[in-house]
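Undergrad: Residues per chain are reported as follows:
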Amino acid sequence: MLGEPLTRNNVNHDGAPSKMVVEGLSAFYGSKKAVSGVSLGFREHTVTAIIGPSGCGKSTLIRCLNRMHEVVPGTRIEGRVLLDGEDIYRQDRVSVRRRIGMVFQKPNPFPTMSVYDNVAAGLRLNGMRKRAVLDAAVTKGLKQAALWDEVKENVYGPGIGLSGGQQQRLCIARALAIEPEVVLMDEPCSALDPIATAKIEDLIFDLQKTYTVVIVTHNMQQAARVAEYTAFMYLGELIEYDRTEKLFEQPTQKLTENYITGRFG
Amino acid sequence: MPTAVERKALSEALGRLNENMRTMSQLSVLAIRKAAQALEKGRTRDADEVFTLDQEIYGLKQRVEQSCIELIALYAPVASDLRTITASLEITTDLDRIGRYSKDIAEAAEKLKGMSRESLGKIGNLTRMADMTIQMIETSVNAFTQRQADPVRDIVRTDDAIDALHDEVFTELVEKMTDQSVAPRVGAQYILINRYFERLADHAVNIGLDVIYMITAQRPSKVKRRNGEAHPPPPAPSAAPS
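Quick mapping for you: the protein sequence lines, in order, are chains Y and P. Using our numbering, read the first sequence as starting at 1 and increasing by one per residue. Using our numbering, read the second sequence as starting at 1 and increasing by one per residue.
Where hints are given, some of them may not hold.
As the list claims (entries may be wrong) - Here are the simulated lysine-lysine pairs, DSBU-like style, with alpha carbons at most 35 Å apart:
hint, chain 1, residue 1, chain 2, residue 2
1, Y, K33, P, K8
2, Y, K254, P, K41
3, Y, K254, P, K111
4, P, K176, Y, K199
5, Y, K246, P, K8
6, Y, K246, P, K61
7, P, K8, Y, K106
Said to hold, decoys possible - Cβ pair distances, simulated, as ranges:
hint, chain 1, residue 1, chain 2, residue 2, range
8, P, A73, Y, T112, 40 to 48 Å
9, Y, I195, P, R195, 51 to 59 Å
10, P, R157, Y, T210, 46 to 54 Å
Simulated from the structure, these hints should not be mistaken for laboratory data. C-beta: ideal position from N, C-alpha, C; glycine also.
Could you build all of it, start to finish, from the sequences and the hints given here?
TA: Structure (structure tokens):
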């Protein structure tokens, strides 16, 4: 599996269809290569976890998947990222991000906006002004993010007034409100307590029915709980990719074995 | 991923588990050897030692099971750590059964003492059956304690030879009972002993296959066809999403 392209014609090595395909992707910060020649397919309606030690390139990789990497000055990529077979780097950046949403490590609701306005922000940026459409999208987004029951009495209250876990679900609702096809999550639970984490994990598990989810996580148990497939990265390279249970029970690479058993990292 | 402190604690706990497994393995081999001696020489002293060993083995089994459960609960082990623990859990049951069958053989040996018994040598291949079974158990147990998969790769084939021998001895015993050269009560005990050795060999196979899984992460099939060939492993679950 290693050293050869995992994908061809938008299909995974085992014949399953991919929503997103990364082909020979390298990502640079100036002259420093943070991701090196990664090829990987993300299955549709599936949660894929990316694990690895700090600095292995997993966050950089996920940021390349919706063109967030290029926001940092001096960065560039080589290779291709395909969404439904089309290279996202040959498309309009904004429309790409509309189709590929992202949730970050720390909850980052817009501090001056209400819960409602936070969720509606993406749609408004895309020009939507119709109140009924916005109402429906906000309600749907909050329900999908399992936050509706907790905020429905106060959707016009400040988003920043919610707890950390609620704020993160608010950010997920905001990402979902524009109805993306892929949801990227960069360590979405690392700033949350176990109860808030459990709620987000439940949510991630449910989201795969509607979305293709890619999650970067430091927490192996979290990968085991929510992801059907897991990729292990080390020093910018994809070391191993397999079904999660296979990777955790029978890793084929010594590096994977040593990392997941805590012998380094 | 366990932290450095968790890794250290897990490594130490795995070390203790290994020590208990090693001791249990040695006691199990000793139990079957002593049981064979009790059968061959008819000494009550040997049988008594087997009874004691069986108790020791059972006590260790309980400790091993408890420590495996604690390791899983506390450390959520993965990869080779997980395979070592699950293989130990499986193997501890097989070692316990080896202790139990050794006890059964020793009990049969005690019963035979009061009878006009045939010597083992006169029951054709029963001595060979005992020797081969003990050899198989030693091979499997050594492969486990020394973490070597190669010595047990052909263990299913060796078990086929034991199964064939079992059938031979069984037929021979029935013939001897039929022509009355062996008393039925004596013959019945030998038939049981023959069966115990055959089952012991099956436990040696189980241990061997668990050792292969533990070391290589490949799970060989334990199920055998009537013709003695191992079934191919079950197909992997479909990787295609719905």
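Undergrad: If a hint holds in the structure, say so; if it doesn't, say that too.
TA: Tested hints:
Between K33(Y) and K8(P) the alpha-carbon distance is near 33 Å, which keeps this suggested pair within the 35 Å criterion. For the hint pairing K254(Y) with K41(P), the CA-to-CA distance comes to about 51 Å; that exceeds 35 Å, so the pair is violated. Only pairs whose Cα atoms come within 35 Å are accepted, and K254(Y) paired with K111(P) is rejected, the gap being roughly 55 Å. Distance check on the hinted pair: K176(P) and K199(Y) sit about 72 Å apart at the alpha-carbon level, beyond 35 Å; violated.
For the hint pairing K246(Y) with K8(P), the CA-to-CA distance comes to about 25 Å; that is within 35 Å, so the pair holds. Of the supplied pair hints, the one linking K246(Y) and K61(P) holds, its CA atoms being roughly 29 Å apart against a limit of 35 Å. This hinted pair checks out: K8(P) and K106(Y) have alpha carbons roughly 31 Å apart, not beyond 35 Å. Evaluation of the 40 to 48 Å hint for A73(P) and T112(Y) yields a pass: the beta carbon distance comes to about 47 Å.
Taking the beta carbon of each, I195(Y) and R195(P) are about 56 Å apart, inside 51 to 59 Å as hinted. With their beta carbons about 52 Å apart, R157(P) and T210(Y) fall inside the hinted range of 46 to 54 Å.
In this structure, the earlier hints numbered 2, 3 and 4 are contradicted, and the remaining ones agree with it.
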